[in-house]
Amino acid sequence: MEFKVYDAAFAKQHENGAIKAMPLVSWDIYSQYLLQTNVLLHDVNSLHQIANKNQWKSVWDYKESLQDETVIVVTDAQLKIVFASKNIKKMNGYEAQEVIGNSPKMFQGAKTDLQVSNEIRKAILNKVPFEKNVINYCKDGSLYKCHIKGFPIFNHKGEVTNFIAFEKIAA
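Per this note's numbering, the sequence shown runs over residues 2 to 172.
These are calculated hints, taken from the structure and not from any lab test.
The hints are all genuine.
Derived lysine to any residue pairs resembling SDA-like cross-links, with alpha carbons at most 20 Å apart:
no.	residue 1	residue 2
1	Lys146	Thr113
2	Lys87	Gly102
3	Lys123	Gln109
4	Lys87	Gln68
5	Lys150	Lys169
6	Lys64	Ile51
7	Lys112	Ala172
8	Lys90	Ala171
9	Lys128	Ala166
10	Lys128	Trp57
11	Lys146	Ser118
12	Lys140	Thr113
13	Lys150	Glu70
Throw the hints in and build the complete structure from the sequences for me.
Take a look at the structure:
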């Protein structure tokens, strides 16, 4: 009996043309999550492709780092950027495509501490990991303090093929 009452009320409502459109708020929330997930998966897949191509000996947990709003930058052995995660734009205003082919020095400027830059350079030359805070420049010229954890990446033959940096805004 209850369904007949509901059906009758629905039919009467529909008959009068009084159906109102309502925004689907949950879709807005879901679509943002879906977009972030797709960007994350694209970045993770790109990193796996680079790792496979260069036969990386090490395995990194990219997914966890990227969910933690960490920017991942990968250079080749000559320190040219070959990958930057899409969330780099949030950190410094550059699109990932804009930094590909450039040196990470593109983020440095007059207020970047030369001593810290030299310490990073020495670590790279010695093929050892480093962890430093450095003053970098955004695309618009503003400054930000960047915490960088950098690592050389070796292939199965023991050769350095890439360097990887996990970067965050430092407090």
